[in-house]
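J.: Sequence:
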Amino acid sequence: MVGCQSTSAVSAQTATAHLTPTGIMQTQSSYADTRYLTIAGKDYPVSETSARIVINDASNAPELVDDIFDGKGKAAVPGYKVMLMNRTSSIAAEARALDNGKVIDNRMIHRGSKSLIGIPVVNGQAQLKQAQLLDFDIIYDDLSKAVIKGEVVKPRGTKLTKPDTAVTDKKVVLRSLTLPNIASGESAGGGVDFEASALIDGKVVKTGANSAFNIFYTTTADKARGF
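Heads up, the sequence shown is in our numbering, so the first residue is 2 and it goes up one at a time.
Worth double-checking, as some hints may not be accurate.
To be verified - Pairs of lysine-lysine, PhoX-like flavour, derived with a Cα cap of 20 angstroms:
#1 K204 - K43
#2 K207 - K73
#3 K146 - K43
#4 K204 - K75
#5 K172 - K146
#6 K172 - K130
#7 K172 - K150
#8 K43 - K160
#9 K43 - K130
#10 K207 - K163
#11 K207 - K171
#12 K204 - K163
#13 K160 - K171
#14 K43 - K207
#15 K75 - K171
#16 K130 - K171
#17 K130 - K207
#18 K130 - K146
#19 K103 - K224
#20 K160 - K103
#21 K171 - K204
#22 K207 - K160
#23 K73 - K171
What the hints assert, rightly or not - Here are the computed distance ranges between Cβ atoms for each label pair:
#24 L144 - L65: 38 to 46 angstroms
#25 V148 - Y218: 22 to 30 angstroms
#26 K73 - K224: 15 to 23 angstroms
#27 V148 - D100: 27 to 35 angstroms
#28 A77 - I25: 44 to 52 angstroms
#29 P46 - D100: 33 to 41 angstroms
#30 F70 - Y218: 31 to 39 angstroms
In short, the hints are calculated from the structure, not lab data.
No residue lacks a Cβ here, since even glycine has one placed at the ideal position from N, Cα and C.
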């Protein structure tokens, strides 16, 4: 994994070529802005690519886990875990009240994918080519239905991957993963180039992206729900 904090001042010559003023830094990654989700060959447009990762106690790097398979594999494999998300959603500002009285935004996921990926680490090196698709979660909706009259946003989508749903033939290709500057608190940037697929309830589901992260979430091991 590469840290997106790697930047350099643009030289005068480069600035002229790329119309970037001298003194402005530029990230060294070169992701596009593409993503997709298909279910049984049908396209479900997604508008955002985001990620969630467990970080260490110092809050400056990913947490290296003892076994990405959580004891379910043939042998323990140390590595990192990252949740990659492609989704279309709507946000209602300050529309959700928590039990403690705090009011937060309410995000409605209409359609999207969550790909939990384990990345083995060997001799301190992340092995992207050996990445494993650990879990796959899919939500979809009816693209032909507009917002109900009188409502502001569409409702949440329907979960395809229910607890008793068979998910088999899980595959992932992770070509590139760049993390934002975790230590400084960046919550966007970095990026990913990946493809994931599985057979879900008899349907071939595919998702992928070549994109910077619109949102980059971090969590700690004690709050790592879904990991």
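J.: Taking the hints in turn, state whether each one holds.
T.: Against the structure, the hints:
no.	hint	in the structure
1	K204 - K43	holds, 11 angstroms
2	K207 - K73	violated, 24 angstroms
3	K146 - K43	holds, 16 angstroms
4	K204 - K75	violated, 28 angstroms
5	K172 - K146	violated, 32 angstroms
6	K172 - K130	holds, 12 angstroms
7	K172 - K150	violated, 41 angstroms
8	K43 - K160	holds, 16 angstroms
9	K43 - K130	violated, 28 angstroms
10	K207 - K163	holds, 17 angstroms
11	K207 - K171	holds, 10 angstroms
12	K204 - K163	holds, 14 angstroms
13	K160 - K171	holds, 18 angstroms
14	K43 - K207	holds, 10 angstroms
15	K75 - K171	holds, 17 angstroms
16	K130 - K171	holds, 15 angstroms
17	K130 - K207	holds, 18 angstroms
18	K130 - K146	violated, 40 angstroms
19	K103 - K224	holds, 18 angstroms
20	K160 - K103	violated, 27 angstroms
21	K171 - K204	holds, 12 angstroms
22	K207 - K160	holds, 15 angstroms
23	K73 - K171	holds, 15 angstroms
24	L144 - L65: 38 to 46 angstroms	holds, 41 angstroms
25	V148 - Y218: 22 to 30 angstroms	holds, 27 angstroms
26	K73 - K224: 15 to 23 angstroms	holds, 22 angstroms
27	V148 - D100: 27 to 35 angstroms	holds, 29 angstroms
28	A77 - I25: 44 to 52 angstroms	holds, 45 angstroms
29	P46 - D100: 33 to 41 angstroms	holds, 35 angstroms
30	F70 - Y218: 31 to 39 angstroms	violated, 23 angstroms
Of the numbered hints listed earlier, those contradicted by the structure are 2, 4, 5, 7, 9, 18, 20 and 30.
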